[in-house]
Amino acid sequence: MITLSSDFGWPYPAAIRGVLASRSSARLIDITHAFPRGDVRTAAFWLREILPWFPPAVHLVVVDPGVGTDRDVLAIEADDHVLVGPDNGVLVPVASALDPEYAVFALDQVSARSHTFHGRDVFAPLAARIHEADEWSLTALSGIFPVETFETVQFPKPNINETEAVGEVLVIDQFGNAITNIPGSFLSTEWDRTISVNGAAAPVAQTYADVDPKQRLLTVGSHENVEMAVHGGRGDEAFGVTRGSPVHLQKHVD
Amino acid sequence: MITLSSDFGWPYPAAIRGVLASRSSARLIDITHAFPRGDVRTAAFWLREILPWFPPAVHLVVVDPGVGTDRDVLAIEADDHVLVGPDNGVLVPVASALDPEYAVFALDQVSARSHTFHGRDVFAPLAARIHEADEWSLTALSGIFPVETFETVQFPKPNINETEAVGEVLVIDQFGNAITNIPGSFLSTEWDRTISVNGAAAPVAQTYADVDPKQRLLTVGSHENVEMAVHGGRGDEAFGVTRGSPVHLQKHVD
Amino acid sequence: MITLSSDFGWPYPAAIRGVLASRSSARLIDITHAFPRGDVRTAAFWLREILPWFPPAVHLVVVDPGVGTDRDVLAIEADDHVLVGPDNGVLVPVASALDPEYAVFALDQVSARSHTFHGRDVFAPLAARIHEADEWSLTALSGIFPVETFETVQFPKPNINETEAVGEVLVIDQFGNAITNIPGSFLSTEWDRTISVNGAAAPVAQTYADVDPKQRLLTVGSHENVEMAVHGGRGDEAFGVTRGSPVHLQKHVD
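Those protein sequence lines, which keep their order, are chains U, S and A. When we follow the numbering used here, the leftmost residue of the first sequence carries the number 1, and every step to the right adds one. When we follow the numbering used here, the leftmost residue of the second sequence carries the number 1, and every step to the right adds one. When we follow the numbering used here, the leftmost residue of the third sequence carries the number 1, and every step to the right adds one.
No lab work stands behind these hints, which were simulated from the structure alone. Bear in mind that the values here come from a model prediction, so they are computed numbers and not experimental data. Please note: incorrect hints may appear among the correct ones.
Covered, in the sense of this in silico footprint (three residues per stretch, anywhere, with C-beta under 8 Å from a C-beta of chain A), are these stretches of chain U [claimed, not checked]:
hint: 1; region: 66-78
hint: 2; region: 116-130
hint: 3; region: 243-250
Listed next, with one range per pair, are the computed distances between beta-carbon atoms [to be verified]:
hint: 4; chain 1: U; residue 1: 183; chain 2: A; residue 2: 9; range: 35 to 45 Å
hint: 5; chain 1: U; residue 1: 108; chain 2: A; residue 2: 190; range: 27 to 37 Å
hint: 6; chain 1: U; residue 1: 27; chain 2: S; residue 2: 34; range: 53 to 63 Å
hint: 7; chain 1: A; residue 1: 154; chain 2: U; residue 2: 1; range: 36 to 46 Å
The beta-carbon is built from N, C-alpha and C at its ideal position, and this holds for glycine as well.
With the hints as extra help, turn the sequences into a complete structure.
In structure tokens:
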């Protein structure tokens, strides 16, 4: 199995599917091609949330704002999975979630400066070659070698005590839910109460259905982080936040 | 084969694909993940139009505005198909189209109030379990039992006589075609004539190509209902209608 | 393998997938369903760029603004591929790229004037029938016959000398890159220099990363044509062009 993720929209992913179907026997499954263009952090977040649900696979990721620079092309062994993508950090959070002992390899001699389409001409052939290799072993492949240094994406850690949490918005999902870096456990004493979010009160609810339509709420999403949402609306707009906005939660202790 | 339908957009459907690929050997085919968010009626309409074209399959449907409430999780046997989804009526029109003798089962003991992602954590595992079961038999599965009462979506019936039809807009498709509940047969005497639609005249044409570009027309779509359309434009805007709008057709008899 | 391409968006492609899955054993791969509605030239361009990357396949293409007219339904043998689609020229550029000796067949007796959904009811059954036929042989199929005349899409040829190129914008991609009909080789002497584009200066760069964010550039895309782009923005807007706009490039010779 090879999964495909990119920020290409259409029609470019189809050429990648063609190369993979030509060069491998792999079953192909799309993750998404709708990642925000060039947004390495958002892609890194979602890949970490999603890829661990898959059986062992080669995961091809092309979110590559540095295409045309001399950034490396990486393949990472993590548990029974292999991740293939650019050296910009996008692969590291999911690698780390799959296997803290992940091993990073780089492709030798990529001609970066040319009008090749790296997704189609460099990344896809590498993913296909790994998929066809015995046991997906990277050490057995030619033209690829272990590296010690590579880019990482790190999500900021929140500051939390019993009554207060200071963090930030990690990503906005397609429906406007603002997903923070504050763990959902912060809310576990506050169900059906009200707390302060950046200075204004908002109810804490286990599900959207617990508040009236169009009402704001703080809840915990499937990613197990605190999420700023609106029942049937956009949380980012209602709370006035965007990716990276600071988030200050304060419990009303009395 | 398992088909997937939802209103999730991206990237959430990918986690569902991962669970299905981990827990079953099923071929996976996407129906769409672009159903209007929480719009059970529109999803029910399209599923009834589309799923009967498939060979026997387990059809997983997650359009679930009641997630987080105690609505049931259903599996429905209909002919050689099984439909899996929430108890909000979305599955019933297609079940009924596949097999008037459809049989409804509910999953026991779903913990509704939690920050689980029901599509990924409840519905997908159930669909995979059914797919892997002998002959997809629901009676043989543990934790699932027949139910007699469940929600339904019913599309309103139009009032029709020889010269007049009173109905409503069932759905607007992505291109702005307003699909009504009035059967196409009402127009069978009117090809290339003009009739009155909510008080204003419009031509009746067998195909878009029969009217000039940007012109309004009444026609019959592949769903065999009367459709309000514009050749190369949006029928909903040109006719001033939205989902649920009343539609009054009157033939010019003379 | 059957590939699917259309301008249908959602949910109509799912009905086509259902028919193909019911009537053939083919693996199904989507190219895209996001072609601009009714835009035969843009679809023809992308199919020529993308389909040759696939292994031998039956390629089903439904971009069919003439549905409802008496346009033919074609199947084209090109190398080891078969292309199925309407007779409006959309298949010809890719047929020609795959095999200059391509052979064109038409389906007999299609009832064009009816409220059938040709993608689902005519094209998909034909693609499935071809896929299931021995060696995908068109001559062996009933109800299909060779034709000598058919529509073509021809992309205009540019006028080029050593210092000047006059051409046009063939397509705008989803990100606003304006892809011209001028071959990339015209720029091979100009890397990192400035040339005149429709009278205004613009830098020539091998990759987007060679200019500052939000800056215009001329570059060569994976299609090997000159492309008018903006680093992290829309080239069509920055250069004031749309599909079909004239493009005049002039080198600053001194």
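Hint by hint, here is what the structure shows:
Under a criterion of three residues with beta carbons nearer than 8 Å to beta carbons of chain A, the stated coverage of the region 66-78 of chain U is upheld, 4 such residues being counted. Restraint check on the region 116-130 of chain U versus chain A: 4 residues with Cβ-Cβ distances below 8 Å, three needed, restraint holds. Evaluation of the coverage hint for the region 243-250 of chain U: breached, as 0 residues show C-beta separations to chain A shorter than 8 Å, against a requirement of three. For residue 183 of chain U and residue 9 of chain A, the Cβ-Cβ distance of about 39 Å falls inside the hinted range of 35 to 45 Å, so the restraint holds.
Taken as a hint, the range 27 to 37 Å holds for the pair residue 108 of chain U and residue 190 of chain A, whose Cβ atoms sit roughly 31 Å apart. Checking the proposed 53 to 63 Å range against residue 27 of chain U and residue 34 of chain S shows it is violated: the Cβ atoms sit about 24 Å from each other. Roughly 41 Å separates the CB atoms of residue 154 of chain A and residue 1 of chain U, a value that falls within the hinted 36 to 46 Å.
In summary, the structure is inconsistent with hints 3, 6 from the numbered list given earlier, while agreeing with the others.
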